[in-house]
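Participant: Protein chains in written order, with the working numbering: chain Y, 212 to 513; chain H, 14 to 366; chain S, -7 to 503.
Please note: incorrect hints may appear among the correct ones.
[As the list claims (entries may be wrong)] With a cut-off of at most 30 Å between alpha-carbon atoms, the simulated DSBU-like pairs for lysine-lysine come out as follows:
(1) S:Lys192 x S:Lys204
(2) Y:Lys506 x Y:Lys494
(3) S:Lys388 x S:Lys369
(4) H:Lys289 x H:Lys207
(5) Y:Lys499 x S:Lys282
(6) Y:Lys506 x S:Lys282
(7) S:Lys282 x Y:Lys494
Hints were generated in silico from the structure; no laboratory data involved.
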Amino acid sequence: MIIDILSGGVRGGTSLLFAGLGETISERAGVINLGTEGAMLVGALGGYAVTFHTGSPWLGVLGGAAAGALLALVHAVLVVSRGANQYASGLTLFFLALGLTALFGVDYVSRQITAFTPVKIPVLGDIPVVGPVLFDHDPLVYAGYVVVPLVAWVMFRTRAGLLLRSAGERADALGVNGYSVVAVRYAAVVSGGALAGIGGAHISIAYANSWFENMIAGRGFIAVSLVIFAMWHPVNVLLGAYLFGAALSLASVLQANGVDVNQFALNAIPFLMTLVVLTVLGKRTLRKAPDELLKVLETAKA
Amino acid sequence: MTGVAVGAPRRTAALTARTGTAARWLAACTAALVIFSAFILANDVDPLSVLGTIWTSVLTEPRQVEQILVRATPFALAALAVVVPGRAGLVNVGGEGQVIVGAVAAAGAGMWVGADAAPAVAVTVMVLAAVVAGGAWAGIAAALRLVGDVNEAVTTVLLNFVALYLMLFLILGSWRDDAAMGQATSPEIGPGAKLPLLGTSGVHVGIVVAVIAALVIWFAFTRTTWGFRLTVVGGNPEAARRAGLPVTVLLLSALVLGGVLAGLAGYVHLAGAEYKLRPTFGANIGYIGFLASWLARHRPLAVLVSAAAVAAIAITGNTLQISAGLPAASVNILMGLVLVAVLGWTSVRKADA
Amino acid sequence: MTAPSHRRPPSRIGAPPALLDVVGFTKSFGDVHANTDVDLSVQRGEVHALAGENGAGKSTLLKMIFGVYEPDAGRMFVDGQPVTPGNPAHARALGIGMVFQDLRLVPALTVAENVALSLRTGFRLRMDGLVRRIEEASRSYGLDVDPRAQVRTLSIGERQRVEILKTLMAGARLVILDEPTSVLAPQEVQSLFEVVERLKAEGLGVVIVTHKLNEVRAIADRMTILRRGEVVLNAVAPADYTDGALIEAMVGRAVAPLPRQRRPVDPAGRTLLALSDVRTDGDRGYEALKGIDLDVRAGELVGIAGVAGSGQRELFEVVLGLRPLTSGHVEVRDVDGVPARPRVAAAIPEDPVADSVVPGLSVLQHMVLDGREVPRKGVGVDWAEVGRRTAEADAKVGLDIAAPRRTLSGLSGGNIQRVVLTRELSTFSPVVVAAYPSRGLDIANARRTQEVLLEQRAAGAAVLMVSEDLEELISMADRIVVMHDGHVAGVVAAADADRMALGRLMLGGAA
Chain Y
212 MIIDILSGGV RGGTSLLFAG LGETISERAG VINLGTEGAM LVGALGGYAV TFHTGSPWLG
272 VLGGAAAGAL LALVHAVLVV SRGANQYASG LTLFFLALGL TALFGVDYVS RQITAFTPVK
332 IPVLGDIPVV GPVLFDHDPL VYAGYVVVPL VAWVMFRTRA GLLLRSAGER ADALGVNGYS
392 VVAVRYAAVV SGGALAGIGG AHISIAYANS WFENMIAGRG FIAVSLVIFA MWHPVNVLLG
452 AYLFGAALSL ASVLQANGVD VNQFALNAIP FLMTLVVLTV LGKRTLRKAP DELLKVLETA
512 KA
Chain H
14 MTGVAVGAPR RTAALTARTG TAARWLAACT AALVIFSAFI LANDVDPLSV LGTIWTSVLT
74 EPRQVEQILV RATPFALAAL AVVVPGRAGL VNVGGEGQVI VGAVAAAGAG MWVGADAAPA
134 VAVTVMVLAA VVAGGAWAGI AAALRLVGDV NEAVTTVLLN FVALYLMLFL ILGSWRDDAA
194 MGQATSPEIG PGAKLPLLGT SGVHVGIVVA VIAALVIWFA FTRTTWGFRL TVVGGNPEAA
254 RRAGLPVTVL LLSALVLGGV LAGLAGYVHL AGAEYKLRPT FGANIGYIGF LASWLARHRP
314 LAVLVSAAAV AAIAITGNTL QISAGLPAAS VNILMGLVLV AVLGWTSVRK ADA
Chain S
-7 MTAPSHRRPP SRIGAPPALL DVVGFTKSFG DVHANTDVDL SVQRGEVHAL AGENGAGKST
53 LLKMIFGVYE PDAGRMFVDG QPVTPGNPAH ARALGIGMVF QDLRLVPALT VAENVALSLR
113 TGFRLRMDGL VRRIEEASRS YGLDVDPRAQ VRTLSIGERQ RVEILKTLMA GARLVILDEP
173 TSVLAPQEVQ SLFEVVERLK AEGLGVVIVT HKLNEVRAIA DRMTILRRGE VVLNAVAPAD
233 YTDGALIEAM VGRAVAPLPR QRRPVDPAGR TLLALSDVRT DGDRGYEALK GIDLDVRAGE
293 LVGIAGVAGS GQRELFEVVL GLRPLTSGHV EVRDVDGVPA RPRVAAAIPE DPVADSVVPG
353 LSVLQHMVLD GREVPRKGVG VDWAEVGRRT AEADAKVGLD IAAPRRTLSG LSGGNIQRVV
413 LTRELSTFSP VVVAAYPSRG LDIANARRTQ EVLLEQRAAG AAVLMVSEDL EELISMADRI
473 VVMHDGHVAG VVAAADADRM ALGRLMLGGA A
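All chains should be modelled from the sequences, with the hints used to inform the complete structure.
Facilitator: Structure below.
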């Protein structure tokens, strides 16, 4: 059962991982996006619809990324170009996504798709404990293993990452060096949305293998919180995502093992856990926050 | 820096600014409607006939107008739950959870006093339970803010889900009404606990509560020392701290008062409209209230208008479902678009100095 | 307004064109004329000082040269060729580099990363190569910096060197330094000037903004003085003018020195402010005050000197009760000697815009934010009474604040400072803490502010004041406490204070 929970953590945490990485990029540039929940929703539907029509889950991933990126683009326009409140804009987009996916998703409820299936990696998959936990999953889980170091590399070893971090730490330093803060933030928010869209697509085409209204059920909000206590570092996001993935899959694992617990009490656990971790790490994490983001997070200092 | 003879040009400037704002609002709403129509069209439904049906059935029938007012009541209170913390610079995204917790507490209190309790007793106990629960729920976020420096926008939204699962836990568990065949609901509240209707209309007295709440908050903001101090904290907390204002108390009071108002919204929705808790109880009231509050730019009296407007949109959801076969949640698009347009067209760009 | 097209860069026939020629720059913001028909000419191998009071239009001129603002009228020539820098990137391509007063470095990045930001190298950051290039460049210009250090950990002087190095590595031929000396200790100023001399010897042009005449005389070949947006002295040799003449050119009238004669501090006077072994943490968790002992008596003015970021801000915040102590004791006493709430103190904050201004509120509404009881009428504020008190305060302090109904956030920095000063200094407070009280003010208002602070001292207040201007501290204080890295590095009687000795203490050396 422990192995089931750990394996479920990796599988269930993959959507959080993608969304969390996306939000990390966005927040590193100084923009918080509560619309991550919405980007995951449209990503889930976009991924499902494309997979349904093309029969290819890989194209579905692209569809999910495109849908998430489009929604995040609206956030970028409102927040970066129009100076709108980041929380208000994010929540509005979540709401917009709720409506859009309800309207366009109605045709896809209880439709069958060719979803991603687990691919056991030879040799590695046979290692006891580690094998089933890490190497017997759908391809998107493996993609997650690759994306984390990739994002970290871009962030800390390339010019793109340098611009990203500067935009979040001190925006006016970009301007004097001839770069556009606006362009950097657009790129960050939109690519963040694309990653969140992939995270959403993982849920619909690899995890639940179905589409239903409001299927993200708060994972996007957990991803946003995750980024804060991961202190804006991709590797920490990976650890946090799997931890919360385990909490999210706890209910189904326990039920599958015939343990009789109230499902709704279990469903609340990831959210309670997030609150507790945020509080415990609170002040320590904020010291690591990018300066420009801190202005948004500390709307009122007590 | 001379103050001579600038009065006249400034007045015309203000006037053009005002007509400019009105024009932007009009453009924003039109754009939202056009995009919404495009989405409907994409679903093979004729947007003009849908909008026509909405117009005739929603805004011209007195029964529907009453429905709008009933729906607007919790929206207005939930919007005020955003307005008050907003004045202190706090972002309360937790209306959703605070509404649910308020209603859950009210329902619990109703069950505790019994279905045949005297109306006065039932109402008093239920209202108290709702406001205390709503306030406490927001108080958790306030406490986390003060203790751990955790951003309240993040905590309040997480608490929404905890509240939802708490309610589901209860109505699918110990509170489940066996009389309701197969449906997961709590028992209906007693007849004495139901809010009376206004005269012969279908509108319950909750709307009076909402209007009074808006008036009281408007008065508090503009005419009291507390309101002034809240404005200072919201505008520049560091300045407030340096002026020796009790910043912690002010922040706490604003967020808790927001929770109280949301709890009240949960109560009026329960006692005035739903009478029992179901799995979908209160769904989106908090979020729609959040939108309504931003639509009204956090002005307490304007909230009454924006709440009515979003209620009208919400009501059209039913029409849409019945007449066009589209999911009721589709109207969330229209609501979202209106706010996107409003945020986009009316936000002031920060001067890039 | 159109540019007078007949005007050409004023160069003599046969002589090579100047490195930079600005002709007739004009810029207005609303009805404020920031620059009117301003000329500026800089030769290769020249150090050109740009001087003028706060608000004289120096920053506007520099920002137009650097492409941040677009001039309403006027032309600009580099090497005799007409140019229009539309943005900083273009200005940099023309070889113009600017070191802003508030340094535009990213504190969370390393020195090398900050340099990388300004260079157009490839997508991958090849840090090792860059570090070597920085080390080479820093040797050849005598700019000592560690390329791997995080900028956050550097002193202001070091950060300035990074900025200059960055500018040079990006290929600047004209380096503009906006008030570089205001945040430095005298020794650091000296080493900065050595760097400037080196740039000059290499044939670069340097524009340095300063209003300290000793600095102008020490470094500048020529100087240009602006007053109210207009050039009053154009590219003159400083040696041809007396101090009095230059000051008069800047202010428009002669200013008498602050009277030196004051009642001495009563050695038996009560101690109204007492700090013992005070320790506290800064915003990012490091220890900002490392055991401060300090007493200020009634009728005494103690000046705090130190390089920016040595703990001055945190010291003021612990005195005002705004920052929790990690150990030690702060006591603020009322005139009768009884311990009192911190708000017995009047406070002039370090950054009035960030610390005092509430957006959207009027001057009048800001006047009640002084920490005292608000006059009440029923459940609300008695604004009529506040208005009366404001008029009284303005008459008494004499800084001529803006109309009570004006929105404070819409006013200039100097006007905001005047409102804050009027609010805090119109009544007697046993303890007065003032950070950079005359910052952003013109000379007349700065003088009046100094007088008001001395009046508070004469009335028996314990005054604690931070200033970056050592002359101001020496002329006003009874004692000068020098801070370095969260410690008290030394205490000097103002009467026998020596600039260079203070500078050594500021840098952590022995007096």
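Participant: If a hint holds in the structure, say so; if it does not, say that too.
Facilitator: So, going through the hints one by one against the coordinates:
1. Distance check on the hinted pair: Lys192 (chain S) and Lys204 (chain S) sit about 20 Å apart at the alpha-carbon level, within 30 Å; holds.
2. A threshold of 30 Å between alpha carbons decides the hint, and for Lys506 (chain Y) with Lys494 (chain Y) the separation of about 15 Å falls inside it, so the pair holds.
3. Pair hint Lys388 (chain S) plus Lys369 (chain S) holds up; C-alpha atoms about 25 Å apart against a cutoff of 30 Å.
4. Taken as a hint, the Lys289 (chain H) and Lys207 (chain H) pair is honoured in the structure, with Cα atoms around 10 Å apart against an allowance of 30 Å.
5. The straight-line distance between the Cα atoms of Lys499 (chain Y) and Lys282 (chain S) is roughly 23 Å, inside the 30 Å bound, and the hint therefore holds.
6. As the CA atoms of Lys506 (chain Y) and Lys282 (chain S) are separated by approximately 28 Å, the hinted pair is consistent with the 30 Å bound.
7. The suggested pairing of Lys282 (chain S) with Lys494 (chain Y) holds, with an alpha-carbon distance near 22 Å, which does not exceed 30 Å.
Comparing the model with each earlier hint shows no violations; every hint is respected.
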